[in-house]
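Asks: Given next are the chains, with one letter for each unit.
2 protein chains.
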Amino acid sequence: MSELVPSIVIVGGGFGGSAAATALRKAPARITLIDRNNYHVFQPLLYQVATATLSPGQISAPIRELLRRQVNTTVLLGEVTGLNTSEHFVLADSRDRQGVQLHYDYLILATGARHSYFGHDDFAKFAPGLKGLGDAEAIRNNVLQAFEQAEAEEDPSRHRELLTFVLVGAGPTGVEMASALAYLVRNTLRSEYRRIDPTSARIVLADAGKRVLATFSEGLSTAAAKRLESLGVEIRLGHAVERVDEDGVLIAGERINSKTVIWTAGVAPSPAGKWLAAETDHAGRVRVQSDLSIPLHPEIFVAGDTASLDQDGKPLPGVAQVAMQQGRYVGKLIRQRLLGKSPPPPFRYFDKGNMAVVGKGFAILQSGRLELSGFVAWLGWALIHLLYLGKQSLRMSVLLQWMWTFLTGSRGSRLILNANEQTPVQTTSSAASNPVSSSPAQQLVAAEK
Amino acid sequence: MSELVPSIVIVGGGFGGSAAATALRKAPARITLIDRNNYHVFQPLLYQVATATLSPGQISAPIRELLRRQVNTTVLLGEVTGLNTSEHFVLADSRDRQGVQLHYDYLILATGARHSYFGHDDFAKFAPGLKGLGDAEAIRNNVLQAFEQAEAEEDPSRHRELLTFVLVGAGPTGVEMASALAYLVRNTLRSEYRRIDPTSARIVLADAGKRVLATFSEGLSTAAAKRLESLGVEIRLGHAVERVDEDGVLIAGERINSKTVIWTAGVAPSPAGKWLAAETDHAGRVRVQSDLSIPLHPEIFVAGDTASLDQDGKPLPGVAQVAMQQGRYVGKLIRQRLLGKSPPPPFRYFDKGNMAVVGKGFAILQSGRLELSGFVAWLGWALIHLLYLGKQSLRMSVLLQWMWTFLTGSRGSRLILNANEQTPVQTTSSAASNPVSSSPAQQLVAAEK
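Top to bottom, those sequences are chains A and B. Plus 17 on top of the position in the first sequence (first one is 1) and you've got the numbering used here. Plus 17 on top of the position in the second sequence (first one is 1) and you've got the numbering used here.
Each hint can be trusted.
Under the rule of at most 27 Å between Cα atoms (straight-line distance), these lysine-lysine pairs were calculated in the DSS-like manner:
id: 1; chain 1: A; residue 1: K377; chain 2: B; residue 2: K408
id: 2; chain 1: A; residue 1: K408; chain 2: B; residue 2: K377
id: 3; chain 1: B; residue 1: K148; chain 2: B; residue 2: K331
To be clear, the hints were calculated from the coordinates, so they are not data collected in a lab. The model shown is predicted, which means the values in this text are computed figures rather than measured ones.
Start from the sequences and build out the full structure, keeping to the hints where you can.
Replies: In structure tokens form, the structure reads like this:
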């Protein structure tokens, strides 16, 4: 390759960025994909890491490995910090170097999204969200730790708040997390504690909207809600969460004491809009043109959760399917342009359908006019998720784990990693002020009957 | 159970503590097992987590799950901080409470070991050891990050130190890590980088002794050394490491520049000796009597790496087999005593044999007069390790991963977790002082040919 070969920089190795890179496989260009992580993560199964069924390694693969046969592509680990659109370079920091410049002739921004706390950023501290592997491991640690703390706690009044889990947001992530938690306490954990009854755990799923899984049809939404209730999940609709603090949440004036609040609502895009100083929608996503480029910059494209595009008068949803199709489209468009061929027609999203799983052996599925709920939909869900898991070895490993968990209730990865390195959430004042106290209440073993 | 039932506290859920708990399955007692982690880890395979073959979840299982059917046993997550041997209680901290007291009638200490830097504790910062899952993940991060940094680095003089890995200590851990690293660079990584050649990585295995795997026969030791050399591992024997710092190591006056030094030598026992104020051997292990109790305290037992016991004039080694047999012995002894039966004869270790794996498809095995090296020994190694992996589901999952890695070279868990949260090891001063510099040397992409 000579210096004259155009360079393409792709920022982000999620669904959008990976699809763009793959579509540029045979393009006459030098491609650089930069991501802050060395792995691509299969986000639709992230909740299964957070609920201890799967290991992080089972839903992710090194980006480098996925693109290893694509010799025109270099993969870099680094964090993009800004752009210079007039001089055409991306600024990035890596572990040992800062302010590295990546020159581009074409730029694809596929930087994904984080959660939005709707202006209440102070909630973040008490209610972590679920977007990356780090989040999933942190939530898993918190959930498992709550049971451990309850088992070590003799004051039954504290068991209640330790064993209350609140999920804020009843979209697919909230529903899938709530049902997986319900399954965790009622099956996997049920016989393993001596002082607490894990099945007494309270799982609350709250949403400001009128129904769960509001993007699905009313019938499916009702079916999912019924199923959640049969699993023991408490659904609270119609009221936004007013407050989240270290003791729990406040919903419609009512306080729910909980040591584990998980944020499954709201999506905020990455700072790409700010880097570009481009027009954004109300949620901060970059307004793109029908070919996914931005106005005045035919060489800059935005794909996936970072982009805002209307189709048939409605904004496209921030889901994996949209990101993949947009990434592929941009890759193809750039290749055509490099080869001097005519560009493809404007981007159009083809909705293959949506699904959400609600506990063991139950899912809802909506595709065009087809609506399904129950076991068959769940089989479809499992099949499609296995097919989309990029690597053959992951497919086998996840399939086996699912079969095992389905049959035995045993989970694949119930570890509290770095249990001792965590900041204590709260310290019981009496114990802290009197570390060698011998009050009977602290005699964990002797106090047992 | 009534208050009169005696209470047994087991500190540590490793091989020794778990074996003791299991042996007390039917004892008329209230047993409490406390560990700082919620999981039992299968240490012999830890190096496979450190070299990205297996996930942490594949070599560990929740202690709670292993003991879930054992209704006389409570499992607690907490860190033991001290003992009161006159009033018979253990002091422990948990995440939210400190100074909790656990009363015991019988106490079993099986708290394992950490690495010893032979008085050079300042080495620890630059040369992490491998004892727990956290260590294994940290080493995995460091190793993978070194390749990422090298790929992002255009100055070839820095490639050399980034791609040099030094292992200090040529016992089983050092040999297994070195050969697994050699296999990682020569197979898994070889085609995935564009600027560096991973197969050019230099792997140095250093030991102060005269041969690798000194606990094996001379013939097996030579076979292992030959095999290591054929894998490209550089062996340096006969000189202790004089210095470890951020730039590498100093051995016999020669400096080896390396960004990744791993400590695989030296074992230091847990602070149990201090808690007990008991007699210890030169390595700090608690001297136990022939029934594994300590002098003057027939109710306190020490098992595994924390205990020091001679057999036939030689100290027992700190290996999993010894810990398991000692744990089982102590459990049985206490049960007999509770049932008013005669105690078992003094503890005697039965050595079933030892093995070490040296890369793909090669191991050495020594059992009594039997000595084996090569593929058959490796099959034996794989079989025995699978059998001893406590859980059925782990066995299946590890077996499949090994088969997959054997056939394709692809690893199961090549993730750099929290890549951005790590403290930068070093900052190139020019880049740091000039974060928006546009010096050609920093133009990662433009500078490529």
